[in-house]
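Asks: First to last, the sequence lines map onto chains A and B. Going by our numbering, the first sequence opens with residue 1, and the numbers climb by one from there. Going by our numbering, the second sequence opens with residue 1001, and the numbers climb by one from there.
Hints listed in this document are in silico derivations from the structure and should not be mistaken for laboratory results. Owing to the predicted nature of the structure, the values given are computational and were not obtained by experimental measurement. It is possible that some hints are incorrect.
Pairs of lysine-lysine, BS3-like flavour, derived with a Cα cap of 30 Å [to be verified]:
| hint | chain 1 | residue 1 | chain 2 | residue 2 |
| --- | --- | --- | --- | --- |
| 1 | B | Lys1026 | A | Lys50 |
| 2 | A | Lys239 | B | Lys1161 |
| 3 | A | Lys174 | B | Lys1161 |
| 4 | B | Lys1026 | A | Lys106 |
| 5 | A | Lys99 | A | Lys125 |
| 6 | B | Lys1193 | A | Lys151 |
| 7 | B | Lys1026 | A | Lys69 |
| 8 | A | Lys56 | A | Lys151 |
| 9 | B | Lys1193 | A | Lys95 |
| 10 | B | Lys1128 | B | Lys1101 |
| 11 | A | Lys125 | A | Lys151 |
| 12 | A | Lys188 | B | Lys1164 |
| 13 | B | Lys1099 | A | Lys103 |
| 14 | B | Lys1099 | A | Lys174 |
| 15 | A | Lys324 | A | Lys346 |
| 16 | B | Lys1101 | A | Lys151 |
| 17 | B | Lys1199 | A | Lys151 |
| 18 | B | Lys1019 | A | Lys92 |
| 19 | A | Lys301 | B | Lys1193 |
| 20 | B | Lys1128 | A | Lys241 |
| 21 | A | Lys12 | B | Lys1026 |
| 22 | A | Lys223 | A | Lys269 |
| 23 | A | Lys248 | B | Lys1199 |
| 24 | A | Lys103 | B | Lys1026 |
| 25 | A | Lys174 | B | Lys1164 |
| 26 | A | Lys198 | A | Lys188 |
| 27 | A | Lys188 | B | Lys1161 |
| 28 | A | Lys198 | A | Lys328 |
| 29 | A | Lys92 | B | Lys1026 |
| 30 | B | Lys1161 | A | Lys103 |
| 31 | B | Lys1193 | A | Lys230 |
| 32 | A | Lys248 | B | Lys1128 |
| 33 | A | Lys53 | B | Lys1026 |
The lines below spell out each chain.
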Amino acid sequence: MILKSLTIKNFKSYPAETFSFHNRFNLIIGENAQGKTNLLEAIHFLLSFKPFKQLKTEEIIRFGTNEFKLKGEIESQAGFDEVHILLNENHKTIKINGKIVYKTSKVYGRYNIVTFLPADIELVKGSPQGRRRFLDSVISTLEPAHLADLKLYQRALSQRNAVLAKSSSLTLDKIEVWDQQLAEIGCKVISRRLDYIKKIEPLLTRIYGETSGLDHEIGIHYKSSITISKNLEQEFMDKLKLNFEKDKRRFHTTAGPHRDQISFSISGKDASVYSSQGEAKNLALALKASEIEIIEQELQKVPILLLDDVTSELDGNRKKFLFKLLQKFQGQIFITTTSIKEILYKGQARVFRIKDRTVKQKDIEI
Amino acid sequence: MRRSGLPESISRLIGELAKLPGIGEKNATRLAFHIFRSPKIYSENLAQAILETKTKVILCDTCFNFASESPCYICSNTDRGNSSICVVEEPLDQLAIEKSKEFSGRYHILHGVISPMDGVGPEDLRIKELITRLEQENIKEVIVATNPSVEGEATSLYLSKLIKPLGIEVSRIAYGVPMGGDIEYIDEITLGKAIRDRKFI
Ligand SMILES: [Zn+2]
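The following block holds chain A by itself, in its conformation from the complex (with noise of 0.2 Å):
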């Protein structure tokens, strides 16, 4: 999948640009706040319909503007697409090929992307959310229904939370009801992750070994809330059941995979206790490469690679590794950084200086 082009207007530094890129290697310079990091955000924002974060819309529009479009030509074993995006204050219109999707939920997925954000260094040692976030957009990503279930959960366990914070004379059966669809899709959302997990494991063994040369067997493990077994369902009925007296006082439900818990280790080790600096960004970038061969493996498409500023973040044999990656890489790439220093890519490039407000761009040999 090749990025061809993208009109910007209005997007967030950007008033107006057009640019063409590269089949292969696309690197932003500029300066801190010259809005490298923006045109990466426009960019996952055409492929994936949201920004990298949770922003609110007036965070994305320009300032002083009311709406934003995004153009993009996108070519793909499946043909050629035009996609085109409008913002406004309350509305997201997406076209692709002209025709207006009323369902995004139908699209997410058409486009495969891997970001490489300064935050993911955190995924080792960070918080438990994080962790649980990196697995379930992997899997969103390989299949859509599972986005689909978290959502579905994440408004069960909402009216459930409502529920208990409503009455204290709440009865067992007044829960029942939510308590049983809580079960039947939390259990969906565990089955996937416990799948992808095992699927996962081995690959990052392998790349971790790569990136550090060390021979180290990697493991990730889920440490549910609920019992695994075969009758997942049914006990996740039993633990809402058993944990209902102690959700009522504390008016939210105690058990779920939204409050399963994610770990790595090194050896048997709990990476997010015991691993160093090092370690843990060694692993980190382990998972990132992984995800673009999960990617490859299970869908067998090439994703886009939209890496913001994540060099400054590493030390010599780790940015080594990381621009091993890249270069084995069969696929188009986008990177941002402050200086060309710090890229130890070798081939046809295409470079663009912002500075300014102004985009310069010219093809280069690095």
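Assemble chain B with the ligand onto chain A, guided by the hints.
Replies: This is chain B with the ligand only, laid out in the frame that chain A set:
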């Protein structure tokens, strides 16, 4: 929102239109100007029609659908089967099912779904009235046709728990592949649901 420079009556019309579901400020302004430019008779008809929906439309005492008289034309139609009731969320859902011509029994409109987040509990819906009907009429089957949302499912589960002990069959409509649709082009989520809810043939 302030609309400086506009006569107050137009500004008020825009404000009222913008309260309609799915209508934003921009659309409301467009509609208001359209009404302003149209002949006076159009405004009169529109105002009259809006007013009449509140004064002349009532709820049927039996099924709680919108009607001009009670019992409504469906509840008073003796040619229709009276052993099954189809339960829907809203009057529009009843219209859609009626258009399919697949169902010739009775209807019951709940006027919503259970949604604790919005403060809607079973007691806020026409559920008590449904149970009374089941006790009084000779109903053999209740078909629950609420939407396939979390709230629609919860409402359907709630109803089945309530109705089954009365010795009445409860069924849930199937969701899945639309007719005339190519399997290849149906999203995985719909297809997954259709496979899970498959039936023997
Ligand atoms: Zn009626």
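Asks: Out of the numbered hints, which ones does the structure contradict?
Replies: Violated: hints 5, 14, 16, 23, 30.
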